[in-house]
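Engineer: Chains as they are written, first to last, in full-length UniProt numbering: chain Y, 1 to 186; chain G, 1 to 186.
Just so you know, the hints here were simulated from the structure itself, not pulled from any lab data. No false leads were mixed into what you were given.
If chains are identical, the list can't say which one is meant, so a pair holds when it fits in one copy or spans any two.
When the alpha-carbon atoms are kept at most 20 Å apart in a straight line, the in silico EDC-like pairs for lysine to aspartate or glutamate are as follows:
{"no.": "1", "residue 1": "Lys82", "residue 2": "Asp122"}
{"no.": "2", "residue 1": "Lys82", "residue 2": "Asp141"}
{"no.": "3", "residue 1": "Lys135", "residue 2": "Asp59"}
{"no.": "4", "residue 1": "Lys73", "residue 2": "Asp147"}
{"no.": "5", "residue 1": "Lys181", "residue 2": "Asp59"}
{"no.": "6", "residue 1": "Lys8", "residue 2": "Asp147"}
{"no.": "7", "residue 1": "Lys8", "residue 2": "Glu65"}
These numbers were taken from a predicted model, which means no experiment stands behind them.
There are 2 protein chains.
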Amino acid sequence: MNKPASNKYEETTLSSQPIFQGRVVSLQVDTVRLPNGETATREIIRHPGAVAVLALIEDRMLVVEQYRKALGKSQVEIPAGKLEPEEDLVEAAKRELEEETGYRAESLKHLSSFYTSPGFADEILHLYVAEHLEKGEVHLDEDEFLDCESITLEQAQQYIREQRISDSKTIMAVYAWQLYKLTGSF
Amino acid sequence: MNKPASNKYEETTLSSQPIFQGRVVSLQVDTVRLPNGETATREIIRHPGAVAVLALIEDRMLVVEQYRKALGKSQVEIPAGKLEPEEDLVEAAKRELEEETGYRAESLKHLSSFYTSPGFADEILHLYVAEHLEKGEVHLDEDEFLDCESITLEQAQQYIREQRISDSKTIMAVYAWQLYKLTGSF
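Okay, chain Y solo, but in the shape it has when bound (with noise of 0.2 Å):
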């Protein structure tokens, strides 16, 4: 299904750089050699990739408000969290769904994957939409300080007006939303 990705243009790696290797990122600079022979260095930040949930309870959106720190405000997004070492992706997101909201979700569909950050980052994000959650219990990651509350599309489109919500995977998942709205499947 999926075609073989075309590497023109390949650029080959002549050598890597650790720079730093963290709880959440890595970062290396490598040294290339580009298709016109010359050389160029690209700084390349290391991700284990996460999932997010556009989790709907009749016409209402599950969405958490928390501090982000590398922009210094609290945003409100979509049910997220990087992935666990050799975690399956459809664990992971029911995982984050209830341990941020309290819902559990019996099955959830793949709406998109997508990288965020192509030009330094190799983070892939994996969107899935749960319907028919049923209430758990909230426990979060001991760093972990959020508040949860449910909005109807016409509020997120308000939240997006007002830079409340201003990620690109809750952004997505408001358009895959509206879409549905008008088409009738995600």
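Since the structure of chain Y is provided, determine the placement of chain G on it from the hints.
Structural biologist: Just chain G, lined up with the frame of chain Y:
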């Protein structure tokens, strides 16, 4: 118009360690005080921000195919690039569009601005739509190699299924285009 950001659960910076200052990104590790009084570390990537353009010529959008070293493969994306210091957003978007595709836009409409990876990076991407294009000249950066083509909405959706298109800004642009065709407005 924009509400002040809520900063409930704010994390106070206790110290900030610079790790790396590169050509594109920088990395720091902050030690923070959490709302419960405990401390934690936050790995933070700083990025200058970027612009991207959904450029439509009649019923086709312009895309470029280029090798992405962070992903180890080529990808099809809308024209985009990072901001130069002090650069005006609309001028930057026009510049990247013309450099990569050879098309000039008289005017651009702002579609959305979003953080690509708020968990660890401050990169913000400003997405514009351009219609009424006129042919100018391609002039790529010296370390930039890419091919430009124009594709229909159906081809774009096929590319997404084939994972030739798989980054957040391009999938978001395709969603916005699809919504435009259904609703008549961006």
